Structures are given as structure tokens and as C-alpha cells.
Amino acid sequence: MLSIFLALLATLVTGAQALFIYLEGSGFCLYNGCEIVESMALVSPLIFNLAGFAFFVLLFFLFSMGRNGSSWRPYWQRFAGLLLLAGLVAEAVLVYFQYAVAGLFCSYCTVILALVVLLNLCCGPRQVFRGIILFSSVLLACFSLGMGGATVQKTLGEGTLAAVEGNQKQDMELYLFFAKNCKYCEKVIASLEQQNRCSIAFNPIEKIDDFQFAGSRLNDRYDPGVNIEFMYQLDLSTIPVLLVKDGQQRLLINGGDRIVQFLNENCFQPAVEQSAGYGGVSSAEPLSYETLLSGGTPDDDSCQITEVCPPEDEAPLPVQQ
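Numbering-wise (my numbering), the sequence shown opens with residue 1 and increments by one.
Note that these hints are calculated values from the structure, not bench results.
It is possible that part of the hints are untrue.
[To be verified] Across the chosen pairs, the derived CB separations fall in these ranges:
1) Asn-181 <-> Gly-157: 19 to 27 Å
2) Glu-158 <-> Phe-79: 39 to 47 Å
3) Ser-71 <-> Glu-158: 53 to 61 Å
4) Leu-58 <-> Thr-155: 41 to 49 Å
5) Asn-219 <-> Ile-133: 43 to 51 Å
6) Arg-197 <-> Leu-140: 49 to 57 Å
7) Arg-73 <-> Tyr-232: 45 to 53 Å
[Said to hold, decoys possible] Listed below are the simulated DSBU-like cross-link pairs for lysine-lysine, each with C-alpha atoms no more than 30 Å apart in a straight line:
8) Lys-245 <-> Lys-187
9) Lys-187 <-> Lys-207
10) Lys-245 <-> Lys-207
11) Lys-245 <-> Lys-183
12) Lys-180 <-> Lys-207
13) Lys-183 <-> Lys-207
Quantities reported herein were computed from a predicted structural model and do not represent experimental measurements.
No residue lacks a Cβ here, since even glycine has one placed at the ideal position from N, Cα and C.
Modelling step: build the complete structure from the supplied sequences, incorporating the hints.
What follows is the structure in C-alpha cells.
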């Protein structure tokens, strides 16, 4: 009886999520980790949820038929057990994808994993033993093969949604890492729209379909996973982040105010030799990612990658020490 209830619950959850995605364009999630994971997948989240819905509907049917006392009961139960083992294999791949590729876990995906595990537990100790063997074997195979490493080899240009050419000759390349619903990111972009002489690339950490910036060239095939991987490699957990590539120098600036300060000194007016106030690092000093990251801490004008920034009338995010 418990297995029927869990299968029905999972059917309702996946069906509701699929309907929500179809109507609203995005599913329900406790934080935007789901959007980040979905943006890195090649398959539409609607297709994923419809497949999950069909999977749990079939399980509900099999468990229901297995209770009617007919001579086919053992076959219904055995087929349901095979489906649940296949579900565990698929979940093992998804768990590895979230851990090794996306770098964070999706709360909705975790709920579905829990339902699949509980359904396997309802099928008895033999099913549980088989499930543990299959789940651990698939995870071990994924880790041993190092799947997901290809993303690291991609260039930041493949993660660029839009690029705008400046009106001054310079070797400096700017990459702005941002998210759609971060008010501090919007502040930086708004300042660029008012005045800008620099060439800059916009690299979001999520899929954005309605980005607009005057004079920019859009790239519909950009991969936000490249940007997420870049930030996690450098242990960056907040946005906005501005990457400045100037010859052999590499400068990373975190926080809306410090980015605007840098842009004001280098892109909104004639560039100055020394820049301060946006991280305590001189623009004339040879830089590396590590030397900049080791100095200073994120300000309260940044959004956590896994959170949505509060509205203007709410308290700012706490400073991370």
C-alpha cells in the first residue's frame, strides 16, 4: 500500500512540475540551483519531467495491478522492481552531474531521488541490495572516467551571451559574470548602458532569453555551464564578477560597487594608471587570479550564486567572512 501511495505522490509531483514549466517557463525550486542545473543540460526540463511523470505513472499502474491477487501478480512486481533499478541508475548519473559538472545540487532533483529510493525500500531487502550495487557501480564508473571534464576546456567566449565593442583601441578584455535576478548585477549593467568606451562580454550563469543591451551582438548558442565552471574553479560564490584580461595580467573584481568603480576609472573616463577602492589592487601590478582572491572579502553588494538577491527595501545579504 505504501508503494502505491509513494508512486502516486511522485506522479503528482512530476506532473505538477511539468505543468508549471509549461505554463510559467520554469519549475518550482527552493533556490536557483535547479535553474543552473537545467541550463547545463542538453535536454529540456519539460521533457525530463514528462519522462519522469510517465515513469511514475507506469509504476503506479504496476503496483496497483500487483495487489489484485491475479496470477500475473509476480510479473507485475518483478517488472516494477526492474523499472526502479533503472531509475536508480539514472539518478546515479544525475547525482554525479550535479556534483561534478554543475557544482551544486538541485532541491527538486533531491526530492525525486528520495522518492525513488523509498520506492526501492518498499520492494524488500533483495531489491535494496541490488539497488545499492547498481547505484554505487554507476557512480564509481562516472568518477573513474572523469566525465564532465570537457567543460573545463571550453573558452569563455563559448559562455558569452552578448558582446559589445568599445570605441577606443585597447588590448583589455572584460567579461561580466552575472544573473538575471541579481539587483547588483542590474546596477552594473545599467551603468554600462549610460556610458561605456570599453569592449565587454556578458557571461551569465543561467539561461536568459530576453537579454537586451544597445549595440550588442547576441549569441543564442552560448553555454552558461562554461561560466559556472570557471567560477567554481576559482572558488567564486558571488556575483557580479568582472574579469579583466590585459595582456598577461588577470584581474578579478567582485561586488557591484567595486566593479562600477573600476569601470568609472577605465571605461567611463580617460584611464588612470593606478586604481584603488575596488579590491585594493593596482592596475599596474602583475596579477593572477590567486593574488587578487587572497586579498579582501566579498562586500554586501553581491549575490550568492545559489540565492536570489533581496528587493531594495529588504536588508542586504550578510557579509561572508
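Results of checking the hints against the structure:
no., hint, result
1, Asn-181 <-> Gly-157: 19 to 27 Å, "25 Å, holds"
2, Glu-158 <-> Phe-79: 39 to 47 Å, "43 Å, holds"
3, Ser-71 <-> Glu-158: 53 to 61 Å, "58 Å, holds"
4, Leu-58 <-> Thr-155: 41 to 49 Å, "43 Å, holds"
5, Asn-219 <-> Ile-133: 43 to 51 Å, "44 Å, holds"
6, Arg-197 <-> Leu-140: 49 to 57 Å, "53 Å, holds"
7, Arg-73 <-> Tyr-232: 45 to 53 Å, "49 Å, holds"
8, Lys-245 <-> Lys-187, "22 Å, holds"
9, Lys-187 <-> Lys-207, "19 Å, holds"
10, Lys-245 <-> Lys-207, "24 Å, holds"
11, Lys-245 <-> Lys-183, "25 Å, holds"
12, Lys-180 <-> Lys-207, "9 Å, holds"
13, Lys-183 <-> Lys-207, "17 Å, holds"
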